[in-house]
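Top to bottom, those sequences are chains A and B. The first sequence begins at 3 in the working numbering and counts up one residue at a time. The second sequence begins at 3 in the working numbering and counts up one residue at a time.
Think of the hints as simulated: they come from the structure by calculation, not from any bench. Be aware that one or more of the hints could be misleading.
Pairs involving identical chains hold if they fit within one copy or between any two copies, as the list cannot separate such chains.
List time: in silico BS3-like cross-link candidates among lysine-lysine, alpha-carbon distance up to 27 Å [claimed, not checked]: (1) Lys51 x Lys36; (2) Lys253 x Lys305; (3) Lys176 x Lys51; (4) Lys176 x Lys253; (5) Lys176 x Lys305.
There are 2 protein chains.
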Amino acid sequence: MSTRRLHLNAFLMNTGHHEASWRLPESDPYSSTKIAHYANLARIAERGKLDSVFFADSPSLWGTIGRRPSGSLEPTVVLAALAAVTEHIGLIATASTTYNEPYNLARRFASIDHLSGGRVGWNIVTTATLDAARNFNLAELPDHASRYARAEEFLQVAKKLWDSWDDAAILGDKETGLWGDERLVYPADHAGEHFQVAGALNVPRSPQGHPLLVQAGSSEDGKAFAALHAEAIFTAQQTLQEAQAFYADIKRRAAAAGRDPDGVLVLPGIVPVIGDTEAEARELEAELDRLIVAEYALGNLAKQLKLDPSELDLDRELPANLPHEDEIEGAKSRFTLIVDLARRERLTVRQLIGRLGGGRGHRTFSGTAEQVADAIFEWFDDGAADGFNIMPAVLPSGLEAFVDRVVPILQERGRFRTEYTGTTLREHYGLARPENPRRREALESAVKGVLAHAR
Amino acid sequence: MSTRRLHLNAFLMNTGHHEASWRLPESDPYSSTKIAHYANLARIAERGKLDSVFFADSPSLWGTIGRRPSGSLEPTVVLAALAAVTEHIGLIATASTTYNEPYNLARRFASIDHLSGGRVGWNIVTTATLDAARNFNLAELPDHASRYARAEEFLQVAKKLWDSWDDAAILGDKETGLWGDERLVYPADHAGEHFQVAGALNVPRSPQGHPLLVQAGSSEDGKAFAALHAEAIFTAQQTLQEAQAFYADIKRRAAAAGRDPDGVLVLPGIVPVIGDTEAEARELEAELDRLIVAEYALGNLAKQLKLDPSELDLDRELPANLPHEDEIEGAKSRFTLIVDLARRERLTVRQLIGRLGGGRGHRTFSGTAEQVADAIFEWFDDGAADGFNIMPAVLPSGLEAFVDRVVPILQERGRFRTEYTGTTLREHYGLARPENPRRREALESAVKGVLAHAR
């Protein structure tokens, strides 16, 4: 058996995942709209031979702009720009199935897959905020089940569109003037509950066939969807035990759905804070936490817990009578994660805010590069992860520290690539290019026709 | 009065605007999905100091893939990639108001404006094909009037979103931890017939404020829309007289709408076929026409004329009993242009196909570089054009010929820039950055509040 290799994604966000990162002397508070900032980050990640970079997204302005960088460039156009200035690294963006039409979105991802030479991935989300709904003609957030039903059909349509050109459809025969073989275009011909899409995509089948499909929600609906469709899963777990349980659950669900569990990669988020010594790392983390404006963060926390800010006291634990996850509409798993973290470690609201400010519920790990590498191997070797979603607290310095100091250790131990061996994102993640089922259907139908004629 | 300067846009499409261009030995029939091809074209246009490059679009597969390159990358992601590999040239893409949501599209254009440093333009279309409607849950094409009513409101919402951040909204004050001034974010708060959009955009106001707004339809509804909103108009006229009439009509309509007519630039399309001698240019044009597969082109022509192909005879003129433009749903002005061209020059269907194959109804001009420059000046100086939409029959060679041989003549005569003098697309076209009306409204409201308090 060959050595199992780690997969690493860099989750890029403004000046870093710590909400106060923009206040450090090194940070440019205007970086969120600067493509040069993201191009620099993507190149650093590529220097470290990471599998991919990733941008989260929601089509609404989150909260207010008071205390932390808000607003960001739409991520699919950011990926397209980064494709032009990088050569190897995978490029993943979030896009919502609730607030897009499949023809438009399938087309954008297919286009980026072409222009990046097969490096695109789509983090499929259903978008759980009322703010977004109200930007798209709705007064209320559609409920969880109906959002996931739409997502299911959306993906079905998107796959039909990605497969609507046979890989062999383009002939380019200058002699006869035949550019394409019309028989090898398969219109979507989809008539479902949410979508009616008649035609073929107007983009030839892309290098990867389909973009890498990523999923990140951990609600019951989210896990069911991931087990059926996701090829990589970004997840947030705080403890080894939780992560092992999640990992085993996803792999079991994938197998039950008839999929190869090795084709569903689980990547927990980690916020590494790296220092020359453990004390230095802890001091950087503490400095960042001191820069959080507590009263402001309290408002955000109250919103996530569906409470009024007056119900929270900075120097006490969370109130006892919180709702159950089932009563929460949207961002269910985030809600439960926050409450579990606070209860387990008996954190005051102020302490909880510090923990959440660093990685919004993801695991924060402060230490030396060796310690970070050990923490990675512990989860990787103990059935909790196939790799990690790296969420630097500060960007670019936190990503540089990871790439220049942690990655060489992972490489020395033979568990991470020293050069890219493939050209596509699917190849980086060790995943196959999907066959085109439409072609088989078309061939079968043609064979039937010939047989009928022969009788 | 300073010398009036020409504006030049390069309209990029696959291997060129002539439908048989892909069959030339120099052409790569696979270029339509290759970003390197478009990057090369954009760099050639930038070498020629052109104002902009432009990509047309429709969210459907046009016709079949048999006889000419079909399918293309989604143009907003193409612009984003080109922004990363060019420095000066403007980047314009078509996008449909009928098959997009304003929040998504306003956001993508604002994002590309940021990442290009203020170089984006939007060609606003309502998309006149049944094929597209059937990709977006509709059984029929929405009628002309309702598409334009939606476009009108779409643009109104888009402007509210582009103006939803004050230019001064970001403070970036590390000392106090105040990143932004919440009072300087103005939610769209839009509740109309077609759209309800509550929030602010999640992208700060972009370098140009709004993208350059372009329009290209020449129906009555299209001209009315252009006069109200467009800053540049791509148009198709075959004769000087037609072009003068269109030009005068648009300028009059703009003035009647209270706009400065000089702020509405009219750019007729021209397909220049350039040779060392006139004979050489004509031979290149003839060679291209010989490569058209007539029977195939006949099917496309019949579709545009809403006829059955059997009603057309390659060696006769168009049938006498064609419908009137008013009876045509969608692409009205294209219909009339084709019929007028055929009737005026008494063309057989075969001859008409040759003329349309070159530029789909735009003016084709074959000659030496001097002759092309003269043809440009004739229209420019005679009240027919503020510049031109250059549509090379073959790409890249036709664009290279224009840039390297025609542009120097335009420059020598002092009518075209020799270096870029501005940094944004608006500056290239001599157009102002829009003020933010939301700011004035907010200030007035604040002043009223203070006065009321003072009483």
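Hints versus structure:
1. Lys51 x Lys36: So Lys51 and Lys36 pass the 27 Å test inside a copy (23 Å) and across (25 Å) alike.
2. Lys253 x Lys305: neither (33 Å within a copy, 53 Å between copies)
3. Lys176 x Lys51: Neither, since 41 Å and 34 Å both go past 27 Å.
4. Lys176 x Lys253: neither (50 Å within a copy, 45 Å between copies)
5. Lys176 x Lys305: between (62 Å within a copy, 25 Å between copies)
Against the hints set out earlier in the document, violations occur for numbers 2, 3, 4.
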